[in-house]
Amino acid sequence: MSTATEARGSAAAEGKKKAPAGERVADWADGRLGIYSLAKANMRKIFPDHWSFMLGEVALYSFIIIILTGVYLTLFFHPSMNEVEYHGAYTPMHGIQMSEAYASTLDISFDVRGGLLVRQIHHWAALIFLAAMFVHMMRVFFTGAFRKPREVNWVFGFLLFVLGMFTGFTGYSLPDDLLSGTGVRFMEGAILSVPIVGTYLSMFLFGGEFPGDDFVARFYSIHILLLPGIMLGLLVAHLILVFYHKHTQFAGAGRKNTNVVGMPLLPVYMAKAGGFFFLVFGVIAAISAMFTINPIWALGPYRPDQVSTNAQPDWYMGFSEGLIRVMPGWEINLWGHTLVLGVFIPLVIFPLVLVAIALYPFIESWVTKDKREHHIADRPRNAPTRTAFGAAWIAWYFVLLVGGGNDLWATHFNLSINAITWFVRVAFFVAPVVVFVITRRVCMGLQRKDREKVLHGRETGTIKRLPHGEFVEVHEPLSQEQLHTLTAHEQYRPVEVGAATDENGVRRKVSRGQKLRSRLSKGYFGESGQIPKPTQEEYREIESSHGHH
Amino acid sequence: MKKLSARRRHPLAALVVLLFALAATGGLYTAFAPAGEAKAEKQESSKSLAIEEGKKLYATGCSSCHGTGGQGTSDGPSLVGVGAAAVDFQVGTGRMPAQQPGAQVPKKKKIYSQDETNQLAAYVASLGSGPSQPDKKAYDPAGADVANGGELFRTNCAQCHNFTGKGGALTHGKFAPDLADVDPKHIYEAMQTGPQNMPSFTDGALPEKDKRDIVAYVKEVNSDKSESPGGFSLGGFGPVSEGLFAWIFGLGAMVAVATWVAARTAKAKKS
Amino acid sequence: MSSETGPDENVSDENLPKEQGPAHGEVARKDDPFADPGLPPHEHRIQDVDEQAAKRSERTVAFIFTLSMLATIGFIASFVAFPIDKIIYVWPLGHIGALNLALGLTLGVALFCIGAGAVHWARTLMSDEEMVDERHAITAEPEVREKVISDFKQGAKESALGRRKLIRNTMFGAVALVPLSGVVLLRDLGPLPEDKLRHTAWKKGKLLVNENTNQPLRPEDIAVGSLTFARPEGLEHHDEDFQTEIAKAALMIVRLEPGDIKDKRELDWSHEGIVAFSKICTHVGCPVSLYEQQTHHVLCPCHQSTFDLADGARVLFGPAGHPLPQLNISVNKDGYLEAQGDFDEPVGPAFWERG
Numbered sequence: 001m002s003t004a005t006e007a008r009g010s011a012a013a014e015g016k017k018k019a020p021a022g023e024r025v026a027d028w029a030d031g032r033l034g035i036y037s038l039a040k041a042n043m044r045k046i047f048p049d050h051w052s053f054m055l056g057e058v059a060l061y062s063f064i065i066i067i068l069t070g071v072y073l074t075l076f077f078h079p080s081m082n083e084v085e086y087h088g089a090y091t092p093m094h095g096i097q098m099s100e101a102y103a104s105t106l107d108i109s110f111d112v113r114g115g116l117l118v119r120q121i122h123h124w125a126a127l128i129f130l131a132a133m134f135v136h137m138m139r140v141f142f143t144g145a146f147r148k149p150r151e152v153n154w155v156f157g158f159l160l161f162v163l164g165m166f167t168g169f170t171g172y173s174l175p176d177d178l179l180s181g182t183g184v185r186f187m188e189g190a191i192l193s194v195p196i197v198g199t200y201l202s203m204f205l206f207g208g209e210f211p212g213d214d215f216v217a218r219f220y221s222i223h224i225l226l227l228p229g230i231m232l233g234l235l236v237a238h239l240i241l242v243f244y245h246k247h248t249q250f251a252g253a254g255r256k257n258t259n260v261v262g263m264p265l266l267p268v269y270m271a272k273a274g275g276f277f278f279l280v281f282g283v284i285a286a287i288s289a290m291f292t293i294n295p296i297w298a299l300g301p302y303r304p305d306q307v308s309t310n311a312q313p314d315w316y317m318g319f320s321e322g323l324i325r326v327m328p329g330w331e332i333n334l335w336g337h338t339l340v341l342g343v344f345i346p347l348v349i350f351p352l353v354l355v356a357i358a359l360y361p362f363i364e365s366w367v368t369k370d371k372r373e374h375h376i377a378d379r380p381r382n383a384p385t386r387t388a389f390g391a392a393w394i395a396w397y398f399v400l401l402v403g404g405g406n407d408l409w410a411t412h413f414n415l416s417i418n419a420i421t422w423f424v425r426v427a428f429f430v431a432p433v434v435v436f437v438i439t440r441r442v443c444m445g446l447q448r449k450d451r452e453k454v455l456h457g458r459e460t461g462t463i464k465r466l467p468h469g470e471f472v473e474v475h476e477p478l479s480q481e482q483l484h485t486l487t488a489h490e491q492y493r494p495v496e497v498g499a500a501t502d503e504n505g506v507r508r509k510v511s512r513g514q515k516l517r518s519r520l521s522k523g524y525f526g527e528s529g530q531i532p533k534p535t536q537e538e539y540r541e542i543e544s545s546h547g548h549h
Numbered sequence: 001m002k003k004l005s006a007r008r009r010h011p012l013a014a015l016v017v018l019l020f021a022l023a024a025t026g027g028l029y030t031a032f033a034p035a036g037e038a039k040a041e042k043q044e045s046s047k048s049l050a051i052e053e054g055k056k057l058y059a060t061g062c063s064s065c066h067g068t069g070g071q072g073t074s075d076g077p078s079l080v081g082v083g084a085a086a087v088d089f090q091v092g093t094g095r096m097p098a099q100q101p102g103a104q105v106p107k108k109k110k111i112y113s114q115d116e117t118n119q120l121a122a123y124v125a126s127l128g129s130g131p132s133q134p135d136k137k138a139y140d141p142a143g144a145d146v147a148n149g150g151e152l153f154r155t156n157c158a159q160c161h162n163f164t165g166k167g168g169a170l171t172h173g174k175f176a177p178d179l180a181d182v183d184p185k186h187i188y189e190a191m192q193t194g195p196q197n198m199p200s201f202t203d204g205a206l207p208e209k210d211k212r213d214i215v216a217y218v219k220e221v222n223s224d225k226s227e228s229p230g231g232f233s234l235g236g237f238g239p240v241s242e243g244l245f246a247w248i249f250g251l252g253a254m255v256a257v258a259t260w261v262a263a264r265t266a267k268a269k270k271s
Numbered sequence: 001m002s003s004e005t006g007p008d009e010n011v012s013d014e015n016l017p018k019e020q021g022p023a024h025g026e027v028a029r030k031d032d033p034f035a036d037p038g039l040p041p042h043e044h045r046i047q048d049v050d051e052q053a054a055k056r057s058e059r060t061v062a063f064i065f066t067l068s069m070l071a072t073i074g075f076i077a078s079f080v081a082f083p084i085d086k087i088i089y090v091w092p093l094g095h096i097g098a099l100n101l102a103l104g105l106t107l108g109v110a111l112f113c114i115g116a117g118a119v120h121w122a123r124t125l126m127s128d129e130e131m132v133d134e135r136h137a138i139t140a141e142p143e144v145r146e147k148v149i150s151d152f153k154q155g156a157k158e159s160a161l162g163r164r165k166l167i168r169n170t171m172f173g174a175v176a177l178v179p180l181s182g183v184v185l186l187r188d189l190g191p192l193p194e195d196k197l198r199h200t201a202w203k204k205g206k207l208l209v210n211e212n213t214n215q216p217l218r219p220e221d222i223a224v225g226s227l228t229f230a231r232p233e234g235l236e237h238h239d240e241d242f243q244t245e246i247a248k249a250a251l252m253i254v255r256l257e258p259g260d261i262k263d264k265r266e267l268d269w270s271h272e273g274i275v276a277f278s279k280i281c282t283h284v285g286c287p288v289s290l291y292e293q294q295t296h297h298v299l300c301p302c303h304q305s306t307f308d309l310a311d312g313a314r315v316l317f318g319p320a321g322h323p324l325p326q327l328n329i330s331v332n333k334d335g336y337l338e339a340q341g342d343f344d345e346p347v348g349p350a351f352w353e354r355g
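Chains as they are written, first to last, in the UniProt record's numbering: chain L, 1 to 549; chain A, 1 to 271; chain U, 1 to 355.
Calculated directly from the structure, the hints in this document are not laboratory data.
Misleading hints may appear alongside valid ones.
Which residues of chain A face chain L? A few of them, derived with a C-beta cut under 10 angstroms, are [what the hints assert, rightly or not]: (1) ALA180; (2) PRO184; (3) VAL221; (4) SER233; (5) ALA258.
Label pairs and their calculated CB-CB ranges [said to hold, decoys possible]: (6) GLN536/L / VAL132/U: 21 to 27 angstroms; (7) VAL437/L / ARG198/U: 35 to 41 angstroms; (8) PRO17/U / ALA26/L: 45 to 51 angstroms.
Here are the simulated SDA-like cross-link-like pairs (lysine to any residue), alpha carbons at most 20 angstroms apart as the crow flies [to be verified]: (9) LYS371/L / TYR492/L; (10) LYS196/U / VAL197/L; (11) LYS267/A / SER127/U; (12) LYS246/L / LYS262/U; (13) LYS40/L / ILE138/U; (14) LYS453/L / VAL474/L; (15) LYS522/L / GLU476/L.
Even glycine gets a Cβ: it sits at the ideal position worked out from N, Cα and C.
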């Protein structure tokens, strides 16, 4: 180490007059921070190009935009529930009693020039942040990019999504308007339903009875400090791991599990990714210029005895709204205590919906017993069971979103709200199963099509008449690149439990877990779970028989 | 004339004859009476004429459901005591005559002119006392207290009609309608009379001035001229339409841009 | 494979793909038709071979960056030029704020153009030759692993933690206990629930004050089919605890034909068909008040719980678990509606101690 520094120092001394200023600054920094060794590994790091690999970047950039605009908003927002009478710039609210939080949000919107724009950028970016995280997570899921060595990063990403939901919810509650207040009331009701400690939790959270004078200030510190702080830490860890693992890539000519093919960070990715930040910011700014979001002046200040129809949370909390709307009103009274199942069951299912998708990678790796590293992204069709599971989960999630917006479905499609609620109650159980079955079949069909294409070539659409009168469609053989791409995926064989007795005729102990694994494995990789990819022998056989045609 | 003679034995025939007689007397009287009183008399007589005309319209258009005397049938409620305001609302917004009886009678193109509506209203009002049609002064949004109207709207109306009167769902397919394009008079009358499943807000519980403030608020926030300082309002339905927009257009734009950023640049020679 | 060294060994790993496919770093057989042909040769873009085209790209990028500069100037100009309350009509967006639109669009263009310029530059002028990085195993080499494990063992041994159990156990105890201080500190976040959720501001003799007029209600103010909201006498909007009190005390008053009331207690607690129910939903506390006067059903806008006000506010549909509490009312000697006492059960969402 010391020799290296010396050598570099002497090199700098030799070219004292020649070394440009930039290099001298870098030398200075390297002497203290060791930036050269860091840059050696990363400056020309390779990133593969694919549009779906940029969804995570959309989330990252929206997060940065949210932080920038959020800091600006804290300069004007008063996180206080003191009641004031409004006499600001917005005349249709004159003389109305409201909390300082609401009044200062009106001031941001009507007295601070550009304040409304920043508020709208903040909120639109929040919705897009969560939507981008959602699709990014789905991209990682459907391409199997969560497999070893990336399981931990999958969990980090999942935590970011969940924390993002709660950061969004607390932020949405801050203006203390009629809509968000209704959401907070819902949260209070849900907390009250928790057996034994519910009332205590509620009193501690709200500093007494709902709504009290404290929750805006408390949510404020959670929203601007606690949760974003944790998220920032997770985000840095997430990105470090992305760099450390190097990005996955799709199979193709020259793309192996042991390499990564693409463009270097400096300069191409620097320009593309850096530029993409500005593109994302630009699009969100333009949306915020033209489309209003959460116009709190139209909603009015919160009062616990007022309400409006169309009381919904932002989209990412919509599935919990769906859960609570479609749940039957079960309530058990026993020994002087009440078990509020109608609220408590949704409260328990809420995390389960999320955990179902978060745990999947661990379930899959248990079923496959695969301990190898995977850097080639799967095509969704080549993992039919996983793809079907993901699609079923999305169906489940969206059924609940429909439930959460049932009143708007009713008014916009002339349906009965009761009928929609019943539909969601049934679909909650049925839709995932149906979607699972259909998706798996579609995947198998696509695999079969790939197999056909490899063995018989591409259908050209040209019909040829043979001398003896037969009509055939001309198939054009695939290039070697295409053949390789379509056969590069791996196929597992089902795990066998093996014979019930060993070679000596002694009964073998087979645990229940083993049997379950074997059964799942058969489902995944048995005849019903995948189409065998064409082998070289099959290909050659068909090639040679082509002469006979 | 045939129509008239057919109704000779109608329970109200005597009343009508009496009214005619009164009208005739009044007519004679006007010739001699001082001008001011004459006007009142003239109104009185035109009112009775209106009732008469209204009755005819009623018989052809309404009696099949509401009964010949407005007593109501299994297909339609009694109209005794509903008042002129109710008729003006129901007929003036085209809800009545209804295509079919039911809990939700939607707004449609109105069939009767305002004059005919007034005649019907006069007739129904004559069946039993109820809220009368409001003066223009009572519902004129100009100069009303919009802030107070907003506060009252959120207490009394927003639960069904949404924050800015965009409408909302009720049970079993019924709905509270969007209040855009609803005439201020009809908003006022709806509050007075409680059409269909809407509860009424009587003057005792919600005084005239408050109703006017509410009308002013609705016109302020839900008309073609309503201001939306932050940009297009996406229908004003709250987070559902915002979420849908963020997914389709927000994320859609991001994916479009990402596709461009990640795409390969055109090669000099296409292979 | 079938030996019983452990439960996991019952399952072989024959399921894993035997041969690592060509995509997995193995040297492909020469005659393999599916073999990886390797990276295709790099093809040049127009800009790489035609200096004119490259110049054009350069000018385009410069133009886009210039556009961004102009947009920023436009942003500053709009900030100065447009009054904050100016509303303009823009088809099809409607009557919208001029300042918000101008600032947002100029900022959007300024930012988007920086991004578009950079990306166009990268796509047309920077080298687009694909490069290959080799991956390195994440797992450490066995020697490294050995070294780390033995170092750790050495360190652990030197600490004597495993041998001196007393130190270990007391240390774990101390570290486990100390977070309790933090938990205790949270105690004063709020008061204990006690019976706070069981009482509201209603008391015997309190008048029902109309939420709209702030005047006490009389029976003649309330017609059949009407809907009125009330709060207890003495609770004013300016009161410090108004929000907390109204969150429990808000009242919904309707008048039914006494003959329509099916529930006997409801009838007993009514006055000439006037019934007063809690406005706070028993599900999670939204103010229910979507009253359908023909059916006497009241719907909650948040989660669609439906109650039948003609039958003791029984739950007809939705997630609410019990009826809305009713307030016993009558008329005092001055002819005003008054409460006969507090609600006889907690209002709002159910909770564990509700019973």
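- Structure versus earlier hints - violations, ascending order: Those not satisfied are hints 1, 2, 7, 12 and 15.
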